[in-house]
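Novice: Each chain, letter by letter, is given below.
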Amino acid sequence: MSRSDLEEILDLTDTFAEIGRRPIPKVPALRGRTVATAFFENSTRTRMSFETAARRLSADTVAFSAGSSSLSKGESLRDTVEVVASYGADLLVVRHAMAGTAHRVADWTDLSVVNAGDGCHEHPTQALLDCYTLREQRGSLDGMRIAIVGDIRHSRVARSNILAFTALGAEVVLVAPATLLPPAIDGWPVTVFHELDLLLADLDAVYLLRMQQERITEGLIPSLREYANDFGLSTDRVARMRSDALVLHPGPTNRGVEISAEAAADPRSVILDQVVNGVSVRMAVLFQLLGSGQQLVAADIEPVGDDARPEGVDR
Amino acid sequence: MSVVLRGGRIIDRDGERTLDVEVGDDGRIAAVGTGLSGDADLDASGCVISPGFVDLHAHLREPGQEEAETIETGARGGSLGGYTALVAMPNTDPTTDCVAVVEQVRTLGRRSTCEIIPSAAMTVDRRGTDMAPMGELVDAGVGIFTDDGTGLQDPRLMRRVMEYSTGLTGRLGRPVVLAQHCEVTALSTGGFMHEGEWSSRLGIPGQPAESEELMVMRDIALVHLTGAHTHFQHLSTAASVAMVRGAKAAGLPVTAEATTHHLTLTDAACASYDPVFKVHPPLRTDTDVQAIRDGLADGTIDAIATDHAPHAPHAKELPFDQAPPGMLGLETAFALTLDESGLDLPEVLALLSWKPAAIAGVADRHGAPILPGNPANLCVVDPDEVWTVSGAAMASRSCNTPYEGRSLRGRVRHTLRAGEPVVVDGEVCR
Amino acid sequence: MAERERRQTPPFGGVFVSHARIMTADDMGRAVRRMAHEVIERNHGLSELVVIGLQTGGVPVSERLVETLEEIEGIRPPLGTLDVALHRDDIGIRPVVPEAATELPTDLDSRIVVLVDDVLFTGRTIRAALDAICDFGRPRSIQLAVMVDRGHRELPIRPDFVGKNLPTRRDEVVDVHITGVDLGVMEK
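Protein sequences appear in the order of chains Y, L and X. The letter at position 234 of the first sequence is residue 234 when you use the numbering used here, and the numbering goes up by one with no holes. The letter at position 155 of the second sequence is residue 155 when you use the numbering used here, and the numbering goes up by one with no holes. The letter at position 182 of the third sequence is residue 182 when you use the numbering used here, and the numbering goes up by one with no holes.
Simulated from the structure, these hints should not be mistaken for laboratory data. Bear in mind the structure is a predicted one, so any value in this text is a computation, not a measurement.
In silico contact screen, one side only, chain X against chain Y (beta carbon under 10 angstroms); selected entries:
| no. | residue |
| --- | --- |
| 1 | Leu86 |
| 2 | Arg88 |
| 3 | Ile91 |
| 4 | Asp135 |
| 5 | Phe136 |
In this text, a Cβ means the ideal position worked out from N, Cα and C, and glycines have one as well.
Next comes chain Y alone, as it looks inside the complex:
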């Protein structure tokens, strides 16, 4: 997505953020439309955020989740998608543990498809809400220096945010152990550091990623303790950040690992703003796809594929 595509959605988000502040935070814009959430991977937060967004627009929601599915009974993904679509859905929100699944789903259906996170690839609505949060705090991302810290390798959030932050004029620094960086990132618009302490005082924002226990069994890091010591935003580290710097995290946080309880509660932390803005951004995306009457797009931040077809094209 270009800077202007991103800004269009962020501008639209202002309208929906205002609705969220009304006494009755609901408009009839998508009355009679059905939004299906197809979550092949559990994510209570993202699902709640999309469902809240849909309901605030008066859309109906249908939920599919892997636990209640027949996928384990040998049904192909395509069969499942066709079944979900046949419940009269107008739009599919797809979450899957494997990269590219939302792309594939979009190949099989004429419905609009929103990628709610696909494996280690992208999480475009998360990037939009993060950009919105930063813009809300600072007015613009231009010239900001943002560090993304942690498991970049497995992070769809990092991939989307690197692209979105830089498209909006920010400088992105990656801070991670060498094992948690993608295998080949030459040409990415980032600089890489392995030590957080060298940077802290120069940052406008720190974006912490979730660190998971399984990275230890995979032999990527020795222990959560060592990770927390080297890369965690401790109370001490947050104290060394600039007074106007911001702390972001996509949630859910592992207190004491990537962020200390004090750092999460610091006034510079905008983690809860991110959650609130997530609903507004997703309202904007759903409305853009279903309600604007235009051929609009809720694409990956970086469209890939042979024809670079964005995955939420309203076709």
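Following the hints, complete the assembly by docking chains L and X onto the known chain Y.
Specialist: Just chains L and X now, with coordinates in the frame of chain Y:
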């Protein structure tokens, strides 16, 4: 009934000449010359008459996965692709690791339009723990052993298999060929495409080139130790090609194949997230593709193989990680090699026919020079015909071709299997 | 209203070509002044009044109305803006782009709301506005002031205060701007 192939140009390992070929009703070539007459004519004008092709690497799925392919449908596809012999991979269900399954495959093969050459697993059930009954299998006529689908991980067992195979040369009448799928699974597990720039960008976990190269390196060392004839299947990386080149220069008994997809496609194709591009070893980079082409040109790589791997449509309608690896190859191999290898037609035919025939141990009947008395396993190819690939139109039960919709130049017009025209004008006759 | 109407009426876009000047700036000033007097008279002053301009065309008219009310009474009633794009009944049929802010200055419960728009046409915008206002509270009454009533109502809605009644054809376009009111058509 005798048939005359009329108006074509012969190319075989003896060279090139413009003569007609008469095939007798005994399944052998009756005469080569001009002014021949037979019961029927097949038009070969504008075409090249070549010995039939031999695929060292075909997954025919029978027994066990008949939904994806059978020996009959696989062979029909082979015939359409100009093949007269297919080496059937042993990763069937049950595994082809004993004489009974070998005989079943062979029996089914006799009714098909190609000669089916069963290969057998090196280890019981391809589990990599116990050696398969190689002696019994050699006595049943098996000359190629492979655990294809995975490599044999345990270096100690691999060494033993190599050593044991050298003792079977006398029983087989030629050296046993051990065909290795080179992949160190400890490095590749959890990866679904080539690890590199594209996998990083796409977020699909990758397999490093080194997972193949480490096993190539190990097996060259073990060949040095044991002297066993080892054939490297589907080489896919530049370093693998370089190591095999070195091993050949050192005089080691190694051979190698490359697939048509590894010489025509790169990992960038995975950007569609369509698992039709998922294959093991994975599609690699431009550099690797160029190295494969160089290896074909300088003789490091002895043969083009297809690694024809049919999968039913629903199996590919899954997320990239869950879909099985593999793609169709038999019907597109000739055109792709001709169009994309950069080699001229005689070299292409050598890589598809007589060179693999020698590795498969069938040079007496496939890939042999087109001379009176030799078995009539022939194909007639039109190097200029342009056609469009369609998975649905293929003889295979599956349609997982990565070249769907692509326009290719070069097509098989007729195929004769033991004198019988099994493909005439691009259509299977039975 | 005219601004949005122009963008949304198929064929989209085009250029407004004026055929006649209906009101001059002075005419509009006089009309606002008269409407202001009517609002004050009808509501016995301004004590409970809230003026809400509809985005986008109604906003400048509402600002002039509030200024005039202040001039006359010496009290400035609270002024808000309302964007009704998301309450419209033609979402998904025609391009609807919420583009402007909704800012209501005060609790609407038991207040008298004067909705202000530039042009009253089918009445559908006002229907959407009534719907939206109900989400913000329960006003004692809602009144409607428009600069131009051009007819062709599709819903049972009537204005309380009108700058000018203007008979039009359906395919004509009324353009209200600072310097006056024009009647014309859209040309591609």
